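Chemist: Protein chains in written order, with this note's numbering: chain A, 2 to 289; chain B, 17 to 347; chain C, 2 to 153.
Treat the hints loosely; a few may be bogus.
Over 12 Å on every C-beta distance to chain A, these chain C residues come out as not near it, computed from the model [as the list claims (entries may be wrong)]: (1) Gly33; (2) Glu77; (3) Pro85.
Subject to a maximum C-alpha distance of 27 Å in a straight line, what follows is the list of computed BS3-like cross-link-like pairs (lysine-lysine) [what the hints assert, rightly or not]: (4) A:Lys26 - A:Lys165; (5) A:Lys193 - B:Lys20; (6) A:Lys288 - B:Lys18; (7) A:Lys258 - B:Lys341; (8) A:Lys193 - C:Lys56; (9) C:Lys149 - B:Lys233; (10) C:Lys145 - B:Lys233.
Worth flagging that the hints you see were computed from the coordinates, not collected in a lab. Bear in mind that the values here come from a model prediction, so they are computed numbers and not experimental data. For glycine and all other residues, C-beta sits at the position ideal for the given N, C-alpha and C.
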Amino acid sequence: MEVKSERTEYLFPKLIDEACKLKEKFGAGGRFLAGGTDLLLLLDQLNEKPKALIDINRIPELKTFTISDSLVTIGAAVTYNEILENNELCQQLPFLEKAIRSIGGVQVRNMATLVGNIANASPAGDSLPALYVLKAKVCTTDGTNQREIAIEDFILGVRKINLKPNELISHIKFKLPKPAFHGEFEKIGLRKAMAISLVSLALLISLDELKIDEIYIALGSVAPTVVNVGGLDAIIGKPLNQKTIAEIVAIAANNAKPIDDVRGSAEYRRMAITGMVKRSLNKFIDKN
Amino acid sequence: MKKKGIGFASAWQGSNLHFGHPDVSTVLIELREDQKFYVGVAAADLGQGIPETTALIVSRVLGNLPLDKIVMIDPDTGATPDGGATGASRQTSVTGNAAFNAANNMLDLLKSVSSELLNTSPSEVEFKSAAFFNQDGENVTLSDVIDEAKNIGTSLSVIGSFKAPSTEDLDEKGQGYGVNQFGYATYVAEVEVDTETGEVDVLKISTFVDAGRIIRKIGAEMQVEGGVTMALGHTLTEEFKQENGWPLTDSFTTYLIPSIYDVPPEISAHFVEEEVPFGQLGAKGLAELVLVPVAPAVINAIYDAVGVYVTSLPATPERVLQAIKDQTPDL
Amino acid sequence: MPTLKMIVNNEPITLEVDALRPLVDVLREDLGLLGTKVGCREGECGACTILLDGKAVNSCLIPAMRAHGCSIVTIEGVGDVDNPHPVQVSITEEGGVQCGYCTPGFVMSAVGLLNKSPNPTEAEVREAISGNLCRCTGYNRIVKGILKSVEK
Ligand SMILES: Cc1cc2nc3c(=O)[nH]c(=O)nc-3n(C[C@H](O)[C@H](O)[C@H](O)COP(=O)(O)OP(=O)(O)OC[C@H]3O[C@@H](n4cnc5c(N)ncnc54)[C@H](O)[C@@H]3O)c2cc1C
Ligand code: FES
Ligand code: FES
Numbered sequence: 002m003e004v005k006s007e008r009t010e011y012l013f014p015k016l017i018d019e020a021c022k023l024k025e026k027f028g029a030g031g032r033f034l035a036g037g038t039d040l041l042l043l044l045d046q047l048n049e050k051p052k053a054l055i056d057i058n059r060i061p062e063l064k065t066f067t068i069s070d071s072l073v074t075i076g077a078a079v080t081y082n083e084i085l086e087n088n089e090l091c092q093q094l095p096f097l098e099k100a101i102r103s104i105g106g107v108q109v110r111n112m113a114t115l116v117g118n119i120a121n122a123s124p125a126g127d128s129l130p131a132l133y134v135l136k137a138k139v140c141t142t143d144g145t146n147q148r149e150i151a152i153e154d155f156i157l158g159v160r161k162i163n164l165k166p167n168e169l170i171s172h173i174k175f176k177l178p179k180p181a182f183h184g185e186f187e188k189i190g191l192r193k194a195m196a197i198s199l200v201s202l203a204l205l206i207s208l209d210e211l212k213i214d215e216i217y218i219a220l221g222s223v224a225p226t227v228v229n230v231g232g233l234d235a236i237i238g239k240p241l242n243q244k245t246i247a248e249i250v251a252i253a254a255n256n257a258k259p260i261d262d263v264r265g266s267a268e269y270r271r272m273a274i275t276g277m278v279k280r281s282l283n284k285f286i287d288k289n
Numbered sequence: 017m018k019k020k021g022i023g024f025a026s027a028w029q030g031s032n033l034h035f036g037h038p039d040v041s042t043v044l045i046e047l048r049e050d051q052k053f054y055v056g057v058a059a060a061d062l063g064q065g066i067p068e069t070t071a072l073i074v075s076r077v078l079g080n081l082p083l084d085k086i087v088m089i090d091p092d093t094g095a096t097p098d099g100g101a102t103g104a105s106r107q108t109s110v111t112g113n114a115a116f117n118a119a120n121n122m123l124d125l126l127k128s129v130s131s132e133l134l135n136t137s138p139s140e141v142e143f144k145s146a147a148f149f150n151q152d153g154e155n156v157t158l159s160d161v162i163d164e165a166k167n168i169g170t171s172l173s174v175i176g177s178f179k180a181p182s183t184e185d186l187d188e189k190g191q192g193y194g195v196n197q198f199g200y201a202t203y204v205a206e207v208e209v210d211t212e213t214g215e216v217d218v219l220k221i222s223t224f225v226d227a228g229r230i231i232r233k234i235g236a237e238m239q240v241e242g243g244v245t246m247a248l249g250h251t252l253t254e255e256f257k258q259e260n261g262w263p264l265t266d267s268f269t270t271y272l273i274p275s276i277y278d279v280p281p282e283i284s285a286h287f288v289e290e291e292v293p294f295g296q297l298g299a300k301g302l303a304e305l306v307l308v309p310v311a312p313a314v315i316n317a318i319y320d321a322v323g324v325y326v327t328s329l330p331a332t333p334e335r336v337l338q339a340i341k342d343q344t345p346d347l
Numbered sequence: 002m003p004t005l006k007m008i009v010n011n012e013p014i015t016l017e018v019d020a021l022r023p024l025v026d027v028l029r030e031d032l033g034l035l036g037t038k039v040g041c042r043e044g045e046c047g048a049c050t051i052l053l054d055g056k057a058v059n060s061c062l063i064p065a066m067r068a069h070g071c072s073i074v075t076i077e078g079v080g081d082v083d084n085p086h087p088v089q090v091s092i093t094e095e096g097g098v099q100c101g102y103c104t105p106g107f108v109m110s111a112v113g114l115l116n117k118s119p120n121p122t123e124a125e126v127r128e129a130i131s132g133n134l135c136r137c138t139g140y141n142r143i144v145k146g147i148l149k150s151v152e153k
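My request is simple: use the sequences and hints to build the entire structure.
Modeler: Right under this line is the structure:
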């Protein structure tokens, strides 16, 4: 029988480089802690006692949060509530604001980070569909070398990410969409606050003379990762009316491979996608 | 598309111990040196507010005595008389009447002691503003009465009991006087249903409740609102799932009680005060009754909105949508 | 064991702790601050809400050492029976307390909101307590109580 008597070291690096070296030193036994809102529950579930928790909250560089030349940069230690306090971002991207506001309660949002939502790689991560349609890039570092990876290439599966053992996600970045774009976020859960998504959706669309110019849809909780809906090219140039919406619904449904779980059936998820796609596009029509 | 609907439901529910179980409570009141009335009854408070209600009843009997003159002793069957179980929605009805009787016994005792000092008969004494008056307007204080009680060697301690009318077990045909009081309630639920996702928003619940005479209005309203909220959980979100005997919903993350956003900002409580014909209070039980009409009212409102009945609870988005699709397969 | 130094309700505290031990246990068991409640240990109910450097957080999700060098306020630092905080007074007056198990958490969430936004709208109050669960009250009276405490 294995006796786990070892105590966990708790470390507060001040520099990114230091954090990466610590991670390298402890290997799989070292865990980064940002908000800890996923990590602590995960350790409990796995009944795992890590050798070291590497708290990244006191690394000033990871607190970076800027919007300049329409490039948004959000560091790994920026909490959800810090993002929500940024009026410029919330005005520009109300759908991202809505997605973030749907996560947990205020207490969770005072600790949890957007980057943590990505690193956790759950298909039900509620910020992810919005980040997918915004084509966010995940920026990693091992202290020396940097990588920049599109979010859909970074998240590989349930809790599987494209991160090397000595790497840290330093920040994410994305371009603000042009003003012509309209975004929507929708989430269905089993209750109206503090609920894990049964299905979620983010949509980004722009029209040119009432015809669809660009459209991006991402769906959450319908496959092992968030799904970027493919095949929407077919409807570019078409007028946004109920007939086109029906086509978009069919394309979206085709992209989803939901499963049954404790919270709901695959069948329901498929039906709900239809409802959500229609609802979000009709909201856009109503606004026009 | 979102559709609105309105649903009604009525319910009745018996309270107090049923089917031949004697239903009794006893309350102790003591006037102590600090001129405060100490009230003791082992009637557990789960948050429903029985100590506040008991104190209010004692205060009213004792000439609207200020509530800071009444001290509720913590309930403890080892130190206070037994009020019986907090269940069957019975405490206000049974312990409330016992408190009423105890307070009247206290009043009689105090009148009798003070009448000596006021040179009058006990029935001529009036107790108001924490003092005792005779017909000529002369008065003595609580402290005078406490001193006099010591002089004559009388304890200023009383008990009062109440037993609700006896019930009986039902006969083999299910007939008999099994329950001594019923409360009645009619609710109106207003909902909005998304026809394509099955999501239900409860916009408003209006309640009309006959729980006899309402003793402490805020307490009764709190019971109604809390009961409605709990029942909304049963109706829409709370589901106990198990597999081979293992509970799957064993945490707050999986067994979902309503959050603030699941509760309508308006739950109104209207009371129809049809008094129960026994005891002195006229109060009936309220606690359990207030949950009962919620599910049928909401389910009827969903029917009014989208024309389908959901026949198993909770009415999750999945069940609502399934019912809609079953009705109109080509939707 | 590592040494944890923090300020709790304005008092400096030094303790030897297991780094991973949830802060709520340190507060309740080591410091005897039993006003902070435990409902779920998974961030879901808000009964364990405290202020960490002024912000409302779930103390069940905080490994003890994370609080090193931080300032913490628990319900005991907000007010008590003899000296209640206006939020405590108004929530009670409005009937927002039944069994009371959730109440310290709601008060802490409200105080966290008022730190940031002293004159909140009703919508802000509702959002601020949306991470707190209550089985007894139906929430609306808690909202009224918090709003009333601001009017005073
Ligand atoms: C009560 C409650 C409700 C919740 N509700 C929702 C919800 O509605 N929707 C939702 O999407 N999520 C929800 N969550 C999950 C959680 O809050 C989010 O996923 C959150 O964004 C995680 O961020 P964090 O900073 O807390 O991550 P942590 O727990 O600190 O980290 C998560 C994982 O990522 C790793 N990690 C963290 N930062 C980095 C980094 N910079 N580089 C490399 N690895 C890193 C950690 O080691 C860990 O494995 C909820 C959680 C709780 C407790
Ligand atoms: S005990 Fe911490 S949120 Fe429930
Ligand atoms: S008052 Fe009982 S849980 Fe809120």
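Chemist: Does each hint fit the structure? Answer for all of them.
Modeler: Hint-by-hint comparison with the structure:
1. Gly33: 23 Å, holds
2. Glu77: 18 Å, holds
3. Pro85: 23 Å, holds
4. A:Lys26 - A:Lys165: 14 Å, holds
5. A:Lys193 - B:Lys20: OK: Lys193 (chain A) and Lys20 (chain B) at ~18 Å, within 27 Å.
6. A:Lys288 - B:Lys18: 17 Å, holds
7. A:Lys258 - B:Lys341: 21 Å, holds
8. A:Lys193 - C:Lys56: 23 Å, holds
9. C:Lys149 - B:Lys233: 20 Å, holds
10. C:Lys145 - B:Lys233: 17 Å, holds
This entry satisfies every hint, going by the numbered hints stated previously.
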